[in-house]
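Protein chains: 2
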Amino acid sequence: MAPANNEKKASNGKELKSAVIVFANGAEEMEVVIPADVLRRAKVDVVLAGLCDKKPVKCTKGLVIVPDCYMKDLENRKFGAIILPGGQESNQAMAESEKFGEFLKKKEKEESYIAAICSAPLALAAHCIGKGKCATSYPAVKPQLESFYNYVDDEKVVVDGKLITSQGPGTAFLFALKLVELLKDKQEAKEIAKLLLVDDYC
Amino acid sequence: MAPANNEKKASNGKELKSAVIVFANGAEEMEVVIPADVLRRAKVDVVLAGLCDKKPVKCTKGLVIVPDCYMKDLENRKFGAIILPGGQESNQAMAESEKFGEFLKKKEKEESYIAAICSAPLALAAHCIGKGKCATSYPAVKPQLESFYNYVDDEKVVVDGKLITSQGPGTAFLFALKLVELLKDKQEAKEIAKLLLVDDYC
Numbered sequence: 001m002a003p004a005n006n007e008k009k010a011s012n013g014k015e016l017k018s019a020v021i022v023f024a025n026g027a028e029e030m031e032v033v034i035p036a037d038v039l040r041r042a043k044v045d046v047v048l049a050g051l052c053d054k055k056p057v058k059c060t061k062g063l064v065i066v067p068d069c070y071m072k073d074l075e076n077r078k079f080g081a082i083i084l085p086g087g088q089e090s091n092q093a094m095a096e097s098e099k100f101g102e103f104l105k106k107k108e109k110e111e112s113y114i115a116a117i118c119s120a121p122l123a124l125a126a127h128c129i130g131k132g133k134c135a136t137s138y139p140a141v142k143p144q145l146e147s148f149y150n151y152v153d154d155e156k157v158v159v160d161g162k163l164i165t166s167q168g169p170g171t172a173f174l175f176a177l178k179l180v181e182l183l184k185d186k187q188e189a190k191e192i193a194k195l196l197l198v199d200d201y202c
Numbered sequence: 001m002a003p004a005n006n007e008k009k010a011s012n013g014k015e016l017k018s019a020v021i022v023f024a025n026g027a028e029e030m031e032v033v034i035p036a037d038v039l040r041r042a043k044v045d046v047v048l049a050g051l052c053d054k055k056p057v058k059c060t061k062g063l064v065i066v067p068d069c070y071m072k073d074l075e076n077r078k079f080g081a082i083i084l085p086g087g088q089e090s091n092q093a094m095a096e097s098e099k100f101g102e103f104l105k106k107k108e109k110e111e112s113y114i115a116a117i118c119s120a121p122l123a124l125a126a127h128c129i130g131k132g133k134c135a136t137s138y139p140a141v142k143p144q145l146e147s148f149y150n151y152v153d154d155e156k157v158v159v160d161g162k163l164i165t166s167q168g169p170g171t172a173f174l175f176a177l178k179l180v181e182l183l184k185d186k187q188e189a190k191e192i193a194k195l196l197l198v199d200d201y202c
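Protein chains in written order, with UniProt numbering: chain A, 1 to 202; chain B, 1 to 202.
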């Protein structure tokens, strides 16, 4: 018998319905909050994890968020998706963190989805995640990414295997809904888009 | 000499470039964060105020936000706009708060913009703000509002004098950009929409 949708598993047996959003001071708050909220509506277990062991986290436009936990608490946890919001200062901290790089490489091996929006693909590239794959980003950071990725200009969300990338705050709903589609299914994503009154998801 | 745009004042002389977002436990996090971020990008001085003197605030999908201040700190402050995000539990607390009702009535007299999204117009109606004006809301709460407002079904953001209303998370960018337009100007709203990659604002 085929498993019910809410028991969907990855090929390696890990639970797909969980995601971690990693962020540090200077993260783009809308790109933290929109994916968290949309995925939680799809009953994905979302953890907001501070990159640094310091709380709370002050986002780029001043929003102060208390994370659910910190990077150090994640070591042995498996996630269906690792999500990186944009925000220059936060992405810089991610790019410079050796520990975060190791975490990303481990998750890539475990076949988690790795998703980055806005300037966050810079942090992935810094840790050599997804080299040569199709990807997009906030348009202003394209010059720093086009030698590393097969850069896509004209799509709001790009999926290449387990790598998901998107452009910025205005595409954050579509980015989050694509993750619902991948972690759950298209029908659930459509229902959530309708409830949220997001009318450009199809 | 005409005042420079950044010195734009209301007819009663108060500074227009400030806004307060009032929210309580159960607020819709995207409807708190999108207006805050978008308005701050327009250099509007945005204050996130907790309705209750208890911190931090836990939003409806679990996001924990540390407010900038609390209702009790706002008494003698003037704001260009008062913004109410949705979220049933938060809106219920607002509807039941006599102090919040007095605050709204005072701000209505001072000719602040009063802006509510999703189910938040219910809290305005509970305090008799804007009776008879054109307004919209999250579609599911229309039956509770149509005898109080001149209900508009088919617009994402409705402006009637100093009352601004909008439908839900998927219309939150347009709601926030309309507030930029009103507190600053249309050109600034257009520039921010472009920077955010919001392509349905015009």
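Any given hint could be a false lead.
All copies of an identical chain are treated as equivalent in the list; a pair is satisfied when it fits inside any one copy or across any two copies.
[Unchecked claim] Simulated pairs of lysine-lysine, DSBU-like, Cα-Cα distance not exceeding 35 angstroms:
no.: 1; residue 1: 58; residue 2: 43
no.: 2; residue 1: 105; residue 2: 43
no.: 3; residue 1: 186; residue 2: 54
no.: 4; residue 1: 156; residue 2: 43
Hints in this document: simulated from the structure, not taken from any laboratory.
Do the hints match the structure? See the list:
1. 58 with 43: both (26 angstroms within a copy, 18 angstroms between copies)
2. 105 with 43: Close inside one copy (26 angstroms), not across copies (39 angstroms); limit 35 angstroms.
3. 186 with 54: So residue 186 and residue 54 fail the 35 angstroms test inside a copy (37 angstroms) and across (39 angstroms) alike.
4. 156 with 43: both (24 angstroms within a copy, 27 angstroms between copies)
Violation of the numbered hints given earlier is confined to hint 3; every other hint is satisfied by the structure.
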